[in-house]
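Visitor: Quick note: the sequence shown uses numbering that gives the first Met the number 0, first residue 0, plus one each step.
Hint data in this document are derived by calculation from the structure and do not stem from the laboratory. Quick caveat: nothing in here was measured; it's all calculated off a predicted structure. Virtual Cβ for every residue (Gly too), placed ideally from N, Cα, C. The reader is advised that the hints may include incorrect statements.
Label pairs and their calculated CB-CB ranges [to be verified]:
(1) Asp72 - Gly124: 33 to 41 Å
(2) Lys83 - Asn108: 30 to 38 Å
(3) Glu46 - Gly90: 31 to 39 Å
(4) Ile30 - Ile103: 20 to 28 Å
(5) Met122 - Gly60: 17 to 25 Å
(6) Glu28 - Glu71: 36 to 44 Å
(7) Gly45 - Met122: 19 to 27 Å
(8) Gly73 - Gly45: 19 to 27 Å
(9) Gly73 - Asp123: 35 to 43 Å
(10) Lys42 - Gly115: 14 to 22 Å
Below, a list of computed lysine to aspartate or glutamate pairs in the EDC-like style, where the Cα atoms sit at most 20 Å apart [as the list claims (entries may be wrong)]:
(11) Lys87 - Glu58
(12) Lys87 - Glu65
(13) Lys48 - Asp72
(14) Lys48 - Glu35
(15) Lys125 - Glu41
(16) Lys120 - Glu34
(17) Lys54 - Glu67
(18) Lys83 - Glu35
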Amino acid sequence: MSVWEAPNNISKKPEHASEESKIEKENPERILTAEEVLALLEKLAGEAKFSERRKLEDEQGLYLWEIEIAQEDGGTTEYSYIRKGNYKERGLAGGSALETAIHITYFDNEGMPISGHSVSKLMDGKWIDTP
0 MSVWEAPNNI SKKPEHASEE SKIEKENPER ILTAEEVLAL LEKLAGEAKF
50 SERRKLEDEQ GLYLWEIEIA QEDGGTTEYS YIRKGNYKER GLAGGSALET
100 AIHITYFDNE GMPISGHSVS KLMDGKWIDT P
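Sequences and hints are given; from them, build the entire structure.
Guide: What follows is the structure, encoded as structure tokens:
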């Protein structure tokens with residue numbers, strides 16, 4: 000098995016600390032309104048009644064919205080919308096999201112997460128299902 004090494008003329012780190020923000024400014028992603036996110040969450044929840052767990056906004060708008068659906072066995076299903084961005088300074092667990100996405104997490108009747116996965120990601124302005 001061979002090990003690949005980067006040539007000396009290729010930097011392993013960005014030359015400028017602001018390179019990441021420069022890329023984001025060159026390729027801005029449209030920020031969804033709360034109404035648009037609610038429509039997505041309602042579609043995912045279907046006929047099930049849900050309650051809001053957490054809804055967070057910053058100067059740009061909505062960046063996190065979590066809803067939960069109670070299950071017959073006492074567990075819950077959570078859908079979580081997160082906008083692409085860095086939220087470390089806001090104290091959000093995980094700190095950042097590389098993509099705008101909706102995730103699902105299943106909790107047992109004691110509130111412990113038992114599984115979960117990505118449901119959909121916003122790519123080039125379109126929601127793509129992520130099985």
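Visitor: Just pull the numbers of the violated hints for me, sorted ascending.
Guide: Going through the list in order, the structure violates no hint and respects every one.
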